[in-house]
Structure formats: structure tokens, C-alpha cells
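Trainee: Each protein sequence line maps, in turn, to chains A and B.
Position 148 of the first sequence, counting from 1, maps to 148 under the working numbering, and the rest follow consecutively.
Position 215 of the second sequence, counting from 1, maps to 215 under the working numbering, and the rest follow consecutively.
It should be emphasised that the hints constitute simulated quantities derived from the structure, not laboratory data.
Don't be surprised by glycine CBs; every beta carbon is placed ideally from N, CA and C.
Just to be clear, a hint being listed does not mean it is correct.
[Unchecked claim] Partial selection, computed: residues in chain A whose CB lies under 10 Å from chain B:
1. Arg75
2. Ser86
3. Met102
4. Arg173
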Amino acid sequence: MPMIKAKDLSRQYGNQFAVKDLSFEVKRGEVMGLLGPNGAGKSTTMKMLTCFLPPSSGDASIDGLSLAESIQVRRLVGYLPEHAPSYHDLDVEAYLQFIGKMHGIPAATRKDKIGEMARACGLEQVLYRRIEELSKGYRQRVGLAASMLHDPQCLILDEPTTGLDPNQIIEIRHLIRRLGEQKTVLLSSHILPEVQAVCDRMMIIDKGELQALGTSEELAKQAQGGAFVLATVKGDADKLLSHLQTTLPEMTIVNQEVLADGHAHIEISHSDPDCGLAEQLFLAAVATDVVLLEIRNEQASLEDVFRELTGGTA
Amino acid sequence: MNAVIALCQKEWRISLDTPQGYVVSIAFLLASGFFFGSSLFLNGQADMRHWFAVLPLLFIFFIPAMSMRLLADELHDGTYELLATMPTRTIDIVLGKYLSLLGHISFLLLLTGLYPLTLSLLGNLDSGTVMASYLGAWLLAALFAAIGLFASAMTNHAMIAYIVGLVLLLVIFLITQAAPTLPIFIQDWVAMLGPINHYQNMMRGVVSLADVMLFISLTVIFISLSWFALARRRWR
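Bound-form chain B, shown alone (with noise of 0.2 Å):
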């Protein structure tokens, strides 16, 4: 556990210490503002159904630039040797990576709270369907978030680490979107497995104990394939 919390310190640390921590994050804020913005002035209604709606994409650009450098840079640049050869089992190194992100995704999600506290002053918003979304949107994040690791775990450079979560994510999102043109079963599939489908369930403000396990089983899944991508990369 002393592993795990001092590599959450040590990636935060390093993440308000350069400047590439800031311009992912300020960046995430500057597209998730201006959607928020557009679909409220558009509208002019107080509601946040569109901005929920469009979330996905940004995680799916954004989450693999925050993850891609978590592993690719310690295999990349040989420290992965010091953590690998210190008294930690690798899933504390795995798990302390994942939980630093999931820690700095959900401070950006905690800090687009602003949105829904300016709508609340400004009309009537449907607080209960808010929070089953950012529910829904912090488990898709937690999903997409252990994708972004799992990518980063299978090579030691950031870029294709980067690539190769965003490509990932791009199939979970196009195949959610094409899946009425394709043959039944697998439209059944995708409706039984596809994290946006579920995401979309909880945006509607309804939260099933099915939808929360399919995430979290996702996740651990992922989870498990980025330490059992490190793990055949170092001795037990």
C-alpha cells in the first residue's frame, strides 16, 4: 500500500511540477467550457444533456494524453528497473498509476461541477439526472482511464501509447454508433457490453446495479491487462 500511495504522490507531483500536466488538463477544461457554453446559449435551456452527450469524445481524446506517458515513460527511460526492483509487487505499481489518473481525471470532473452550480441559479435543473450522469461519466472516465493505462503498459513510447489508446477508444465509440447497421447479434453485443450504451442509460437519470458492475467489471479487466502487460516484463 506504502508503494501504491507514494507513486499516486510521486505522478501528482510531477504533474503541478511540468508543464505538460497543465496544458492537458487546461485544454480538457477549454473544449468541455466551450461545449457547455454552445449548448447552453444555443438552447437556452437549463440542461446538460448535451454536454453529457458529448463528454465521451472528449475523454476519448483526452484521457489517452493524460495516461499515455504513466508506463511508456518508465519503460522508455529505464526507471521502470528502479520501481521493478524494489520490494513492491507490480500490480501496487499498476494500481498506483491507475489511481494517480483517476485522481487527476476526477478533479477535472469535480471542477466542471461549476456547470451545473451556474445552472441551478439560472433555471430548473433536474439535479437527480445530473448526478446519475457524472456518475456515469466518472465510470465511463475510470473505464476509459484503465484503456489509457493498459495502453501504456504494451510500449515504451508515449506517442503510440497515445495512439493506440485513442484508437481503442475510437472502436468502443464507433462501434456503439454504427451498431444499428450491423447484423443482429452483434448489435445485441454491443448493447449488452458497450460502455457508451450504459453510459447512455445513466444520462436518462436511471442508475442499474447492472451498469455500475459492467464498468467496474471493465475496468478490472483492463486493469488486470496492463499488469499482466508489465508483468511478463519482470520477474514476479
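Excised from the complex, chain A in its bound form (with noise of 0.2 Å):
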């Protein structure tokens, strides 16, 4: 069973949809990043799978339970909100032990959770210091911490990183990283290399709707959908390419220039990615007497890939 699970769920503002029919499932022991430019609807998302919205339409289950149970949902769940909000007026212990007694952990264990959270988000240091004092990274990690604090299950965190310098966002998503060893975790972020750094799978929404679900190396492919080779010959090109259509007659030439130097660029593509062009570009300059003076996969990044799903918006 999917720890995560939604089916056609739409949330709709008056005759807007910030959410619609949306399904994915989160596998247990997941980490799923939740891509979309500003706006497409990944806190409305994450508001509803953690009970705070009701959705318009649809439904989700988090462990098997329907979000319709939301008492025993909110058990399961660890939720980070959007910009960690905290009591700035509380010191850390104090506002980790609201926290506990608010999810019923007994006075007996508390301390000690309080401790292990501490230790493992790093905030030994300023235990005793007040949210209001500390920097953003350590607000972050405080907000963390109070959505660990009861062991959830599934942590679902919009945004973790926002804000943080980059040491911070190493440190952050080493953190989740390290979380996402025992636990489900659904993250939202508009920072693609994040998402790709920490997620084992992503999905990608804009505009409400599912985009694309998979890997980063599935996404990349799916968008591309076929192999690119750019090449940088030295000698005949013509004749290296007419050898090269000979073995790989579906092969199209995309782009083909003469240098400054008197070499030659070359783009081709084959609709196939598994059908071997760079290597059979090889082959064929050997067989033609070309020297080949640069060879490159051209891979689709991310970005390209987040572009064109999401309108150029990123």
C-alpha cells in the first residue's frame, strides 16, 4: 500500500482551480519532490493532504486512511507549513514541549524526544534561546524538529529550504536526505537542482494539474524523447554524414555549419534514444577518415524539461 495517495483531488477558489484532479501515489519510504513554478498549486496541495483544507473534489488517503479521517491522519502526518511558522515569543524547549503535549506525547518521553529531535537537527546549540533570536536556517530546523517531534510516518514539507543561504540548504537537505532513510517524505520546491538532489522521484504540477511524474533521468528522457549528438568534425562532413544515413537511415541532420577554422559543427538526432548515434558516428567517422574533435551526448536538463512542462514560466 502507497503511503500517499491521491485521487482526482481538485480544490477550487470560487471558479478557480488552484488544484485539479490530481492523483499520484508516494511509495513507502519515499522521497517525492513537488516541482512547480509559484503558484501551481503545491501548498494547496499539501494543505489539503494534511487535513487543513478540505478538497472540492476527490479524494487521498495517507497510510489507507481517507483525508475524511482527520484526526488520525494528522497523527501520521509531520507537517513543515510554508515558511516555518513558529512562536517567535517561546525559546526552543518551550515551544518543542507545546508541540509535544499538543500531539499527547506523555511528560515522561517528552524530554527525551525533545532531546533526540534536537541532536538530530542540529539545535543543541540555542535549546534555550528564543525562536525571535535566531536565524532563518535555525527557524527552519525548529520547524522541523516540531513536525518530527510526535515520529510521523509521512512528513510533508512545503518549501523547506526557502530562504536559507547555501550552506543552510546543504545542511537542510542533508537532513532530509538522512530523514527520507526511514520515513515518506513529500517536498515542495521551485529550485529544480534541489528537488533533483534529494528526491527520489519527482513530480512536476503547473497551473493545478500533473505534468509529469518519474525519476529526473524518466523526466529528462520523456521530454526529449529521442538521442542528440552534437559533433565537431575535422575533413569530409558530407561524406561522414551519407555514410552515417546509410547505417542509421531514420537519422536526421538538425543542424551542420563550416567553423571560422574550416571545421565542421554537426547536430543529428534519431527519434530512437537506445539506437546507439553517438557511437555509430564513431564508426562512421573511422570508416570515412574524419577526425572527430569533440563528440556530446546531448542530454535534456531539468530545466529544459520544467520549461516546457510548465510554459516557460520557471
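Using the hints, put the two standalone chains together into the complex.
Mentor: Below, the structure written as C-alpha cells:
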């Protein structure tokens, strides 16, 4: 049974769909990235999965429990809302105590739990400082510690690294990666490398609708849909290409130009990504006595996928 | 129940750790002390009637100041999303907030207990009337707290919550004051439902079940309205 399963989840504000017919599954122990431009419906999706907003239609389940069983679902889920809100007038320890009490963690184990979370999130140094005095990175960690205090099976993190500096981002990523070994994590971001670095799979949503779902390699492949090779050659490029066309008849010449130094730049593609286009090009060069100065398999980057799927709003 | 207690403790902790809790409490005690002292020295009688008569006005200005941030700040700062996604019912959140406020006000009223103690040393104080008046004052404060909480549940801005609470309480107060000039049927309604009238009954030293029940019913109504205002923002 998947940990999170959404079926036709929709949320409407007036006539506007913030999320529309979203269906997906997150496997147990998986780190799933929810990717999309600002206003794509990421936060709304998360608010529904954490039983904060009721869906307009459709349903989702967490560990087999429908969202309608909201109190039970909330016990299973640890949630870090966007901007990691917390009570700035409290110190970190008092804040975590409060969260522990709200979750009904017995007094006997609460202190140990807080210690454990403080260690995991690197909060030991600031445990008795007021949250108000902490840097944004620390506040984010406080939010993470609070979301995990009741040892939830499933973590839902809304933009956990927004507003952090590069060092803090790396720390939080490591932390999430570590957590992902034991828990199911769904995290949202509009930063591609982040999702690529942390997540096992990702889904891209735009205007509230699912655009793509898979590992980063799968998405890149899906977007490109074929093989694409760039090369610089010294010698007779025409002869090389016509030889290549005899071995790969469906190969297309995308671009061919003569460079200033007399070498030729060629771009070729083939609809089948597994046809071995680069390899065939090499063999053809050997057969026609053409020297390959440079040969490069061009992969569609995730940025390309993202831009293509979300209409260039990255 | 865990959540109710946890919320209460959190509110008290924040009140004790931050200046805003002290400022309102100290201002209330200063104002109340001023009215107590001025009536004592002007009349020269061991009597608290004047003080109890002014008390509703103090409540009208100070209780919304104590209640304004209770829910409005949670809604404004996004911490309400945290509360609402914990395994708690909305009514637990409302009750936790309400009881923390009632505790705060009760503590302040308890401190004013020094006045009757002082008076009983100076002269002959009618302790029965004072106790009935205190009960009335406490019930009135409990009702005003529920109204203040309701104002706080309706907006994301503490200042707006203060103004809405203040206006609601002033309307209640002014209707009672203006009742004699209003049409008879309104006068009847005000006499029946106006909390100030029932408080004045209790100030005379008469505690009737009808008065107590009226306060409790109106308080429950405003707590329910606060609950309703919050519940529509959240799922169950």
C-alpha cells in the first residue's frame, strides 16, 4: 500500500481551480519532490494532504486512511508549512514542549524526544534561545524538529529551504535525505537542483494539474523523446553524414555549419534514444577517415523539462 | 483535553515572557486602583459600589486588549496552520484560548481582592454584597472574554480584533444606558438579555439563578460563535 495516494484531488477557489484532478502515489520510504512554478498549487495540495483545507472534490489517503478521518491522519503526518511558522516569543525548548503536549506525547518521554530531535536537527546550541533571535536557517530546523517530534510516518514539507543561504540549504538537504531513510517525505520546491539532489522521484505540476511524474532521468528522457548528438569534425562532414545515413536511415541532420577554422559543427538526432547514435557516428567517422574533435550526447536538462512543461515560467 | 491545557500553558508562558501581557495587566490594575481610591477618598465610606459600577467600563476597554491577539495573531503568523494540522479538534483550540484568557482575567480580579480586604480593616463592609458583586463581575468578565475571543477569531489583525471587540462591548453597554429612552419592547429585551442589567442585580447583593444562567448562556453562545468562525477556515 502506498503511503500517500491522491485520487482526482481538486480544490477550487470560486471558479478558479488551484488544484485540478491531481492523482499520484508516494511509496513508503520514498522522498518525493513536488515541483512547480510559484502559484502552481503546491501549497494547496499540501494543505489538503495535511487536512487543513478540505478538497472540493476527490480524495486522498495517508497510509490507507482517508483524509475524512482527519484526526487520525494528522497523527500520521508531520507538516512543515511554508515559511516554517512558530511562536517567536517562546524559546526552542518551550516551543517543542508545547508541540509535544499538543500531540499528547507523555511527559516522561517528551524530554528525551526533544533531546533526540534537537540532536537530529542540530539545535542543541540554541535550545534555550528565543526563536525570535534565531536565524532563518535555525527557525527552519526548529520547524522540522517540531514536525517530527511525534515520530510521524510521513513528512510533508512545504518549501523547506526557501530563504536559506547555500550552506544552510545543503545542511537541510542532508537532514531531509537522512530522514528519508526511515520516513516517507513529500517536499515541495520551485528549485530544480534541490529536488534533483534530494528526491527519489518528482512530479511537476502547473496551474494545478499534474504535468509529469518520475525520476529525474525518466523526466529528462520523456521530455526529449530521442537521441541528440553534437559533434565537431575535421574533414569531409558531408561524406561522414551520408555514410551515417546508410547505417541509420532515420537519422535527421538538425544543423550543419562550417566553423571559422574550417572544421564543421554538426547536430544530429534520432527518434529512438537507444539507437546508439554517438557510437554509430564514431564508427562512421572511422570508416570515412574523418577526425572527431568533439562529440557530445546532449541530454535534456531538468530545467528544459521544467520550462517545457510549465510554459516557460521557470 | 491535552491540547486545551497545552494551549493555556503556552498563552500564559507568552504573557509572562513578553511585555504586552504585563502592560495590559498593569494598566488595568492602575486604572482600577485609581477608581477604587478616588471613590474611597471622595465618599469616605467603606463601600465598593462605585468601584463595581465602573468595573464594566474597565472591562470594555481592557478585555479586548487581552483577547485581541489570541486568535488573530495565530491566523496572521500562520501558526494557526500548525495548530489546525495537529490531532486536535477546533473546539479544543477555542477552549484552550478562552480558558487562558479567563485565567488571566480571574487572576487580575483576584488581585483586586486587596480592596475589600483593606476596606474591611477600615470599616464595616457588607461582605455578602461584595461577594455577590464579585461573582457578577467575574461572570460579566467571562462573557466579555468570549466576545473578545470571537472578535479575534474573525480577523487576521489584532488591532481590528481590538476595535471590533471594543465596539461590540460598547454597544452592549450603551444600549443599557440608553434603554429608558428607547421603545418599550426594546426596553423589555434589554432588561431581559442585557448583561449589564443582570450585573447590576448582582451588585445589589442578589444572586438569582436566572442572572447566572443568562451569563453562562451568552458566554456559551459567543464561544460557539468563535468556534464557528474558526471552523469555517479549517476542515473539521
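Trainee: Next, verify each hint and record whether it holds.
Mentor: Results of checking the hints against the structure:
Interface restraint check: arginine 75 of chain A against chain B, minimum CB-CB distance 5 Å, threshold 10 Å, status holds. Given hint, serine 86 of chain A at the interface with chain B, holds; its Cβ is 7 Å from that chain's nearest Cβ, closer than 10 Å. Satisfaction of the interface hint for methionine 102 of chain A is found here, the shortest Cβ-Cβ separation to chain B being roughly 5 Å, below the 10 Å cut-off. Below 10 Å, beta-carbon pairs count as interface contacts, and arginine 173 of chain A has none with chain B, the closest being about 23 Å; its hint is therefore violated.
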